[in-house]
Amino acid sequence: MQKQLTQKRPHVAFIATAMLAVATAQAAEVTVNQHDKAFVIEGNKVEAVTINVGDTLRFKNDDPFFHNIFSLSDLKTFDLGSFPKGQSKTVTFDKAGMAEVECAIHPEMYIEVTVK
Amino acid sequence: MKTHPTFIHMARKVVFMTCLGMTATSIQASEDYSRFLRPAEVPQPDNNRITTARVELGKMLFFDPRLSGSNWISCGTCHNPALGWSDGLPTAVGHGMGVLERATPTILNTAYQPLQLWDGRARTLEQQALGPIKATGEMNQDLDEVIKELSALKGYRDAFEDAYPGEGITKETLAKALATYERTIVSTESPFDRWVKGETHAMSQTAQKGFEVFLGKGRCALCHDGFNFTDNGFHNLGLKGDDDPGRYGIRKIKILKGAFKTPTLRDIELTAPYMHNGMYKTLEEVIEHYDRGGDTKDNLDPNMQPLHLTASEKASLVAFLKALTGEPTPVILPRLPIE
Ligand SMILES: [Cu+2]
Chain A
1 MQKQLTQKRP HVAFIATAML AVATAQAAEV TVNQHDKAFV IEGNKVEAVT
51 INVGDTLRFK NDDPFFHNIF SLSDLKTFDL GSFPKGQSKT VTFDKAGMAE
101 VECAIHPEMY IEVTVK
Chain B
1 MKTHPTFIHM ARKVVFMTCL GMTATSIQAS EDYSRFLRPA EVPQPDNNRI
51 TTARVELGKM LFFDPRLSGS NWISCGTCHN PALGWSDGLP TAVGHGMGVL
101 ERATPTILNT AYQPLQLWDG RARTLEQQAL GPIKATGEMN QDLDEVIKEL
151 SALKGYRDAF EDAYPGEGIT KETLAKALAT YERTIVSTES PFDRWVKGET
201 HAMSQTAQKG FEVFLGKGRC ALCHDGFNFT DNGFHNLGLK GDDDPGRYGI
251 RKIKILKGAF KTPTLRDIEL TAPYMHNGMY KTLEEVIEHY DRGGDTKDNL
301 DPNMQPLHLT ASEKASLVAF LKALTGEPTP VILPRLPIE
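Residue numbers (the numbering used here), protein chains in the order written: chain A, 1 to 116; chain B, 1 to 339.
With the rest of the complex left out, here is chain A (with noise of 0.2 Å):
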């Protein structure tokens, strides 16, 4: 029973956040967790999200350790800081292009962010 909630959950979620993005046509937040050292969203690991300019991630600790989160891309580079579970770090990408998110703890942490 248990497994069927966790594996329907992310469909529905997933839906959500698309129709979100399509009302307001502007500024959506997706949250990003990290989790077992790795990223995940909506309850699966992820390598790659694709966002649209404006929109803001939102990496989020579940673990009982500390994560970072950085990046040096040409797009945008950012040092978050770290911070333990509970907590979460934003950041807004406001031009198109790609860039490569990671954790500087936990660097098998790894995502690339196209915004469109």
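No wet-lab data here; the hints were simulated from the structure. A quick note: this is a predicted structure, and the numbers were derived from the prediction, not measured. Built from N, CA and C at the ideal position, the CB exists for glycine as well. Any given hint could be a false lead.
Covered, in the sense of this in silico footprint (three residues per stretch, anywhere, with C-beta under 8 Å from a C-beta of chain B), are these stretches of chain A [to be verified]:
#, region
1, 73-79
2, 105-114
Computed cross-link-like contacts, DSS-like style, restricted to lysine-lysine with a CA-CA straight-line distance of at most 30 Å [stated by the list, open to error]:
#, chain 1, residue 1, chain 2, residue 2
3, B, Lys281, B, Lys314
4, A, Lys45, B, Lys254
5, B, Lys281, A, Lys85
6, B, Lys314, A, Lys85
Between beta-carbon pairs, the in silico distance windows are [to be verified]:
#, chain 1, residue 1, chain 2, residue 2, range
7, B, Leu143, A, Glu47, 30 to 40 Å
8, A, Thr114, B, Gln205, 50 to 60 Å
9, B, Pro43, A, Thr77, 46 to 56 Å
Let chain A serve as the given structure and place chain B with the ligand on it in line with the hints.
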């Protein structure tokens, strides 16, 4: 990470048996620790699959001092199998007996590491393999020169042809062969592994208590997690008097100043002294360091904090760490080609 079905099955069986009858307070009862068992399959790249010929060639090269400029230092000089694939020194000694800045890391289980070296500057073993040969402070060898020297020996011409048919003796095949040999250097079964698989007495009560401290109050598993006891991450541990920038030299991100890769704890008993600068002689000293929450607070990893461990908790941690020592693997040294 892949888990081995047999291991899961056995671990579950232990849980079942314990629930039924045993009233022991063993922590084994409540958890599935199969993530701490080494995946039997070693990761290997598609363009350099492990074959017997490649392993044999890689082993010859690994133990051949003629790979160095002095013809006197081999990979195995510093990565000595008799010293836990390290050298027993605080920091490495290289060309001309020059003392280097960092400790020789063990090469045990490097096959499973996504990044190589203390600062993670090489991604694959193939990328890493030629670095120490070229480095003036280490083996101080000109790569074109070593290719020429190897090509002059029939034994090597044949061994390269067997291992990499038609590819010749090149920097690429040299790196591939060394990387392949390194992929065979993996941890063996330790008392801890036997305990995880359900042998209740494989690890002492003290070591079992130590594992509990390791996972809990000691905060060790925040970084030293999984079968290789590493998060493959980078942390500044606040070592007194150390000003090595570490990972910051590769990635200019503040948290990486003075941060180094979390090393494996497999066979840790065999690889003293400890830390990237070899400043601690014993595991007891290392545990005291963590218990203090580190010394230098500047850019200290935020996971570090004073632990207030009791003397018995510290002793149990040491017992646990020593239960990670695997069965010895005999290494038969190859005969090297002399013509
Ligand atoms: Cu992280």
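The region 73-79 of chain A covered by chain B? Criterion: 3 or more residues, Cβ-Cβ distance below 8 Å. violated (count 1)
Hint says 50 to 60 Å; check whether the CB-CB distance for Thr114 (chain A) and Gln205 (chain B) agrees. holds (54 Å)
Can the restraint linking Lys281 (chain B) and Lys314 (chain B) be considered satisfied, given a maximum Cα separation of 30 Å? Distance of about 16 Å is within 30 Å: holds.
CB-CB spacing for Glu47 (chain A) and Leu143 (chain B) relative to the 30 to 40 Å hint: The hint (30 to 40 Å, Cβ to Cβ) holds, given that Leu143 (chain B) and Glu47 (chain A) are roughly 34 Å apart.
Lys314 (chain B) and Lys85 (chain A) were given as a pair; does the straight-line alpha-carbon distance stay at or below 30 Å? Cα-Cα ~27 Å, so holds.
Quick check on a hinted range of 46 to 56 Å for Pro43 (chain B) and Thr77 (chain A), using CB atoms only. violated (32 Å)
Given the proposed pairing of Lys281 (chain B) with Lys85 (chain A), does the C-alpha separation stay at or below 30 Å? At roughly 34 Å apart (the allowed maximum being 30 Å), Lys85 (chain A) and Lys281 (chain B) break the hint.
With a cut-off of 30 Å on the C-alpha distance, tell me whether Lys45 (chain A) and Lys254 (chain B) pass. Holds, at about 27 Å.
Quick check: do three or more residues in the region 105-114 of chain A have a beta carbon closer than 8 Å to a beta carbon of chain B? holds (count 4)
The structure fails hints 1, 5 and 9 (numbered hints given earlier, in ascending order).
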